[in-house]
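Join the two chains, each given in its own frame, into one complex according to the hints.
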Amino acid sequence: MGALLILPLLRTIEWSLQNVSYGNPGTFVGIDNFVRALTDERFGRAVMFTVTLTVISTVILVALGYTVASATNRLGVSRPLVLGILLISYVLPNLVGAVAFSWLFDDSFGGLVNRVIQMLGGTPVLWFTDQLPNAAIIIANTVWFLLPFAVLVIMAGLQGVPAEIIEAGTIDGANAWQMHLHVIIPTIRSTLGFVALITIMDVLRTFDSLIPLSPQAATIGNESIMMYVYSIAFANGAQQLGLGSAVNVITIVIILVMLIPFIRTVFREAKALS
Amino acid sequence: MSSARTHTADPIAPAGAPARATRRRPAARYRLTSGILLAVLCIVMVVPFIWMALSVTKPTNIAFLNPPVIWGYQPTFDAFVNLWETTYFADYLVNTVAVAAIATIVALAIGLPAAYALSRFPSWISAWLLVLALVFRALPRFAVVLPMYDISRALGIYDTTFALAIALVAINQPFTIWLLRNFFAEVPRELDEAAMLDGCGRFAVLRRIMIPLMGPGILTAAIFVFLFAFQEYLTAVVLTDTSSKTVPVFIATQLGQNLPMLQQAGAASILLTIPVVVIAFVAQKYLVSGLSDGAVKG
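Chains as they are written, first to last, in the working numbering: chain A, 1 to 274; chain B, 1 to 298.
One chain only, chain B, in its complex shape (with noise of 0.2 Å):
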């Protein structure tokens, strides 16, 4: 596209040095006013963080002074030790962890062989998978998680990590089938004869040929499904009490309350940051895949 874009010779106007340059120009503004508008752009994303992290590294005294203290402080990280010894933020960190990565590993165990399947049937099928994927992600969330509280206070696991993980496969798993099935649609059939001629059954191609060949297809899926049960606040605060509490949940509970507790949920903020910022650079490959794959191949 850029080259085609630089390429603004005219066929009909003489060639020439001053058409040249005047053609040139409109294309360099052009180009200064889009840099100009990505760093502003760049800037505005981050400043929220940026503001975060001064306020929680000044001392809990000066933190919340208004007009703002921006110079001459010692910063301090006691905020973050206060986090530490006066909060089980340890536990909810844990939890949210393992709630993320148990729902990873049971969505991939019931995605794939059901997203390599529907690979494998005709079309229409997989418009209706697009379709319930679409309403599944459109549904208001309250409406499978209240009965799912009522259920789970039924059945006993109301508040455990393992009963917030399978709700969080259950709803976001029409999405990952969805997602997978792109991926294996890419790999030719004619892959699958070959191997079942030779005697493999169909989760021996599953396992021995398909898997292999879509480690990156499944990264990016196992991305998107640790993320989502990571990110989610809404299915955790109904669903979870205090035994299995996650971070997103008690930051909510800090809101509100006096000034020490609202440093801490700054600095608890701050530390669910670092490792976000960390994969939006070290898994943006994926990030980026799944993003266009997942929404833009039908």
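Bound-form chain A, shown alone (with noise of 0.2 Å):
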């Protein structure tokens, strides 16, 4: 099984070094495709924007995540209700999930937000073809379906926290806000860190939830780098592959050397246990 993913992948990195279409075999071109790949506009255009999506959605899932799962954590009998009315977000597929959620802004729809909008007083937003507004939705989509696993985690993590460590911030006189501040989240560091790191692989892999949030995101600028993989050297019978893998092999160069710092703490602790 292993060799299903090791092959694709040696076939990707020999046609980055290609000229190549499926079915062909290609000739070899050197480093031309990556030359090609990094002096493309597109291709920035659609690192700024992944790499902003990125960094914005895991800001906000890790705090809303700690928020809502130290919220939940308390709970009652409601708690398997509230879990099951989050998890629905996070089963359904992206795609499913993301088509859903752009009715809710399409006017062509019943444009159901901006008809609000114009409730409170405020002029109907172009949410699918201005840049900004359309960006802040697929935002708020990849927030909506990256929730519930934030949340989990987030909630297994406190419930490992040691019931003495709170006890011990109550007699200092910890109120609310310092409790979280410095005794519950210094304490689930390493939880925060694994859900933000998972975020962050997640996010810099969107694509499914564009294909309805964003129909016109290599126009206005709201392309994901898969996006634009999936455009240049797949869809409707696109073959230039040789640029497509070569932004492929780029990608994971990024995202293994984003993992540098995580793959040491896993071989760090792994050490300490043997």
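These are calculated hints, taken from the structure and not from any lab test. For each residue, glycine too, the CB sits at the ideal point set by N, CA and C. Keep in mind that a hint or two might mislead.
[Said to hold, decoys possible] Non-contacting residues of chain A with respect to chain B, defined by C-beta distances greater than 12 Å in every case (computed):
| hint | residue |
| --- | --- |
| 1 | N19 |
| 2 | L92 |
| 3 | L132 |
| 4 | A150 |
| 5 | A218 |
| 6 | T219 |
| 7 | G221 |
[As the list claims (entries may be wrong)] Derived SDA-like pairs (lysine to any residue); straight-line CA-CA distance at most 20 Å:
| hint | chain 1 | residue 1 | chain 2 | residue 2 |
| --- | --- | --- | --- | --- |
| 8 | B | K285 | A | I85 |
| 9 | B | K285 | A | L75 |
| 10 | B | K285 | B | L213 |
| 11 | B | K285 | A | G160 |
| 12 | B | K285 | A | S70 |
| 13 | A | K271 | B | L213 |
| 14 | A | K271 | B | L129 |
| 15 | B | K285 | A | V77 |
| 16 | B | K285 | A | K271 |
| 17 | B | K285 | A | P80 |
| 18 | B | K285 | A | R74 |
| 19 | B | K285 | A | G76 |
| 20 | B | K285 | A | V82 |
| 21 | A | K271 | B | L132 |
| 22 | A | K271 | B | L118 |
| 23 | B | K285 | A | R79 |
| 24 | B | K285 | A | L158 |
| 25 | A | K271 | B | A185 |
| 26 | A | K271 | B | F121 |
| 27 | A | K271 | B | R120 |
| 28 | A | K271 | B | S123 |
| 29 | A | K271 | B | V40 |
| 30 | B | K285 | A | N73 |
| 31 | A | K271 | B | P122 |
Here it is, written out as structure tokens:
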């Protein structure tokens, strides 16, 4: 089974050095594809958009995830109900969730959100053709479907906080704010780091949700890296396989570099155990 | 935790009714705030589905009016009937479930022995596994899926349910093995040793002792593999064409079409949402344990 991942990856690396199309042998072109990718303005925009989306979504998800997790953790009988409702957007295919999400904003579907804005005296927003409003609904959708993951993992972390630490904090006279900031958050730091890591990795490869949420992604500058690869190397018979593969290789390198601190922690912990 | 927070009696302050009252008030306010927060959040989480359910049960001629018609229409299930009669939705649904079922069975058949073996090796191996699981999770999917498209064309298995299922098993396998390994690691090694003293081979230990003990863990892993396959859009859009198309791919192709077809996409989305809501409540225990064990323990 491992070969089923390794072989395609090797093929991607091979393609990234070739001028190649599907079903035909390629010709070696050295680093031409990498040069083209790195000088392509559209790729640059896609990287900018994807990184911005990732940073903003991750910050919101960790902060909101922590808030919701500590609130949910205190619930009694209503906890399964709240968790069940939260889990729906996580279990549903992203694409389907994003379709439902986009209908709230789309004026051709009644545009609920714009109606509310108008009722409150504002002017309707062009959610799909203006870059910033469009980016806002993409961020909102990303938070919407990843929040359950963040909440559940952080809740598991909160349940591991020893009761003695909380009691000690109480005796020292910490109020609720101080308790969260100086007692609980430092204790579950590694859990929060893990949530951030997974969120970063998931948002960097955003693809599905942009199809309904940003039909004009490339024109308005809200194209993700994965969308860019898809449109140059696959969609509508596109055949720039060499360029697409070079972008994939660049992305893999970026991800590996980002993972290095985490990988080091994992190995240090494993060594400490054995 | 909650009990710790309610014991706010301060040993230094003189015990008395006024002191207690002032201490209780912030706690009550805190509770109220978090209750309101959660209630608002729950509403926000389900509003898209409610809006969509309303849109697909309106007659087509008023479904997409702006301003929206909210009262005084006769709800109808025409969009669902339409979906069933004029598209191959039933086939796509069968494909989606078949892909998820095959992926689950194959992933467990390979993952169980692999995870068991890994759980009995020293911990640095599991550290590597964790890193691999994360790296493969983070991989840009197209780096694997585009070559898979090329290879499956060359092998003549492009656009088959089987090829899509196997591709998904491969992509999700590091996660599956890691999750299962964590469950296996909780079973004490003394059990294996006792069974082997009684003359069991490694496979017999796995089959007779481990698998029965790990029922909930296996179910958790199975649910996750099934869901990952069921949710997949990117891999399915590349590896399928007409005969093994799945529901998410169908929904995406309906977008950007005319109004009745959009309403069909909405109806298809609602039909997928219903079983998902059931899963979120019925299998909640397993989803929660998969997320917390798969994520937190290393």
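We went through each hint and held it up to the structure:
no., hint, in the structure
1, N19, "holds (15 Å)"
2, L92, "violated (5 Å)"
3, L132, "holds (21 Å)"
4, A150, "violated (10 Å)"
5, A218, "holds (15 Å)"
6, T219, "holds (15 Å)"
7, G221, "holds (20 Å)"
8, B:K285 to A:I85, "holds (14 Å)"
9, B:K285 to A:L75, "holds (16 Å)"
10, B:K285 to B:L213, "holds (17 Å)"
11, B:K285 to A:G160, "holds (18 Å)"
12, B:K285 to A:S70, "holds (19 Å)"
13, A:K271 to B:L213, "violated (29 Å)"
14, A:K271 to B:L129, "holds (14 Å)"
15, B:K285 to A:V77, "holds (15 Å)"
16, B:K285 to A:K271, "violated (32 Å)"
17, B:K285 to A:P80, "holds (9 Å)"
18, B:K285 to A:R74, "holds (18 Å)"
19, B:K285 to A:G76, "holds (16 Å)"
20, B:K285 to A:V82, "holds (13 Å)"
21, A:K271 to B:L132, "holds (17 Å)"
22, A:K271 to B:L118, "holds (16 Å)"
23, B:K285 to A:R79, "holds (12 Å)"
24, B:K285 to A:L158, "holds (17 Å)"
25, A:K271 to B:A185, "holds (17 Å)"
26, A:K271 to B:F121, "holds (14 Å)"
27, A:K271 to B:R120, "holds (16 Å)"
28, A:K271 to B:S123, "holds (8 Å)"
29, A:K271 to B:V40, "violated (45 Å)"
30, B:K285 to A:N73, "holds (15 Å)"
31, A:K271 to B:P122, "holds (10 Å)"
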